[in-house]
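Asker: Turn these sequences into a full structure, and let the hints guide you.
Sequences listed follow chains A and B, in order. Numbering-wise, the working numbering puts 60 at position 60 of the first sequence, and it's gapless, one number per residue. Numbering-wise, the working numbering puts 176 at position 176 of the second sequence, and it's gapless, one number per residue.
Worth flagging that the hints you see were computed from the coordinates, not collected in a lab. It should be emphasised that the depicted structure is a prediction, and the values quoted were computed from it without experimental measurement. The C-beta atom is built at its ideal place from N, Cα and C for all residues, glycine as well. Just so you know, not all the hints are guaranteed correct.
To be verified - Pair ranges (Cβ atoms, derived):
{"id": "1", "chain 1": "A", "residue 1": "Trp30", "chain 2": "B", "residue 2": "Glu147", "range": "38 to 44 Å"}
{"id": "2", "chain 1": "A", "residue 1": "Val23", "chain 2": "B", "residue 2": "Ser245", "range": "45 to 51 Å"}
{"id": "3", "chain 1": "A", "residue 1": "Asp46", "chain 2": "B", "residue 2": "Tyr36", "range": "41 to 47 Å"}
What the hints assert, rightly or not - Chain A side only, calculated, beta carbon under 7 Å to chain B, not exhaustive:
{"id": "4", "residue": "Gly7"}
{"id": "5", "residue": "Phe12"}
{"id": "6", "residue": "Ser16"}
{"id": "7", "residue": "Val23"}
{"id": "8", "residue": "Leu27"}
{"id": "9", "residue": "Ile31"}
{"id": "10", "residue": "Arg36"}
{"id": "11", "residue": "Leu45"}
{"id": "12", "residue": "Val50"}
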Amino acid sequence: MNAMSLGPYAWFIVTSYLLVTVVVLILIAWIAIDYRRQKQRLHELDALGVARRSGRSAVDIG
Amino acid sequence: MTLIDLANPTKFLNLTARLLPWLAGATAVLLLIGLYESATAPDDYQQGATVKIMFIHVPNAWLSMLVWGVMSVAALGTLVWRHPLADVAAKAAAPIGAAFTFLALVTGSLWGRPMWGTYWEWDARLTSVLILFLMYLGLMALWRAVEDPSRAARAAAVLTLVGAINLPIIKFSVDWWNTLHQPASVFRMGGPTLDRAFLIPLLVMAVAFSLLFVTLLLAAMRNEILRRRVRALQMMQVAQAGRRSA
Chain A
1 MNAMSLGPYA WFIVTSYLLV TVVVLILIAW IAIDYRRQKQ RLHELDALGV ARRSGRSAVD
61 IG
Chain B
1 MTLIDLANPT KFLNLTARLL PWLAGATAVL LLIGLYESAT APDDYQQGAT VKIMFIHVPN
61 AWLSMLVWGV MSVAALGTLV WRHPLADVAA KAAAPIGAAF TFLALVTGSL WGRPMWGTYW
121 EWDARLTSVL ILFLMYLGLM ALWRAVEDPS RAARAAAVLT LVGAINLPII KFSVDWWNTL
181 HQPASVFRMG GPTLDRAFLI PLLVMAVAFS LLFVTLLLAA MRNEILRRRV RALQMMQVAQ
241 AGRRSA
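Answerer: Spelled out as structure tokens, the structure:
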């Protein structure tokens, strides 16, 4: 996007797009970090020998 | 795999593992196309280049309502059919919906300042969307506040269905009241009033953001299922420890 062609309100346009980008990236990062945290907890429980009722390993996602 | 199979969280996890890479890829490609279309769209004869804000504001505004609609269907699933994944879906969707609503409010505000001369006006459309945002936050707080997941699920489902009353108010606020916000220009009787030069980038961005929502929702649902599995295992661990010490 060429900022020179955005006219006198370029600040509003660029800020809008940057804000959307930042919030979407935060959402993606938050979900990715949460996934790693849950898998980490399942690995810790598996290491302690806690198994699911089905007898499968705690870390067996499938 | 039939729809009923998805009631099984393990089968659902298998499905999301297969779907997520494809969905993420399709979302990224569509977002890039949408951004290119938005950047190369002509200026509006009245609004100038600020019309480019529409390409991100409108998809976020649509999704803010669509997500609550999805949560309302999930709420019915919790209360009526007691579907095991219904509450998982609603709880996972709430923060994503809150983010879309926040973006709709802020990008609308940034669009309003140069066009209306004000960042905010307490008119029916803006106020009803702000109420929607506060309802998302309230719902997220409710899930955190109630420790028993099944009680939290039922309370959240009731609140979600009550909050759904706000959706037609948001949609028709521009028709029922005299508002600063413009009336509908895409989904209206008689077809869109937007020129193709603006309509195509808008629709591409709308599809891209919808795919983004589906991708994030499935990933967040996977996390929620794992969180519940962790909780169940921790409770089993405590019970086993209690039996050993008894």
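Asker: Give me the numbers of the hints this structure contradicts, sorted from smallest to largest.
Answerer: 1 and 10
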